[in-house]
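J.: Sequence:
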Amino acid sequence: MAVENKHFASEAAFQAEIAQDKYKDRLIVIDFTASWCPPCQYIKPIFHRYADETPDATFFQVDVDESDELSEALGVSAMPTFQFWRNGVKVEALTGADKDKLKALIASLK
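Okay, so the sequence shown: first residue is 1 according to the UniProt record's numbering, each after it adds one.
Hint data in this document are derived by calculation from the structure and do not stem from the laboratory.
Among the hints, a few may not be true.
Label pairs and their computed distance ranges (CB to CB) [unchecked claim]:
hint, residue 1, residue 2, range
1, Asn87, Pro38, 28 to 38 Å
2, Ala12, Asp100, 28 to 38 Å
3, Asp56, Trp36, 25 to 35 Å
4, Ala104, Pro55, 11 to 21 Å
5, Pro45, Ala104, 12 to 22 Å
All residues carry an ideal CB built from backbone N, CA and C; glycine is no exception.
Input sequences plus hints: build the corresponding full structure.
T.: Take a look at the structure:
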């Protein structure tokens with residue numbers, strides 16, 4: 001499944017998005033990224049490949065500069081940060097561009 005680039009004006013907008021029925025019981029993997037972040041640029045094609053390899057999960061990419069209120073509300077303080085959500089609840093998080101840990105978390109949570 002392709003990665004969806006998302007912009008959320010607020011935490012409420014984010015919560016409304018992930019509460020939709022189409023995401024019920026589905027793993028949502030969110031990459032909080034920034035265009036000026038070298039580790040983010042390194043992991044970006046890998047994140048996209050993992051999305052393609054995992055059709056039973058949903059993958060979002062969120063630019064922290066465009067969604068700064070959401071990033072702050074969700075405690076994102078370093079990039080890249082990956083958060084894993086299911087049924088409106090954050091179930092796991094990973095900070096840093098560690099492709100092996102990212103792949104393992106996706107596999108264990110899907």
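J.: Now, for every hint given, state plainly whether the structure supports it.
T.: We went through each hint and held it up to the structure:
For the pair Asn87 and Pro38, the beta carbons lie near 34 Å from each other, so the given range of 28 to 38 Å is met. About 35 Å separates the C-beta atoms of Ala12 and Asp100, a value consistent with the hinted range of 28 to 38 Å. The supplied range of 25 to 35 Å is met by Asp56 and Trp36, whose beta-carbon atoms lie about 33 Å from each other. Range check, Ala104 to Pro55: about 18 Å between beta-carbon atoms, so the 11 to 21 Å window is met.
Look at Pro45 against Ala104: about 18 Å separates their beta carbons, and that is inside 12 to 22 Å.
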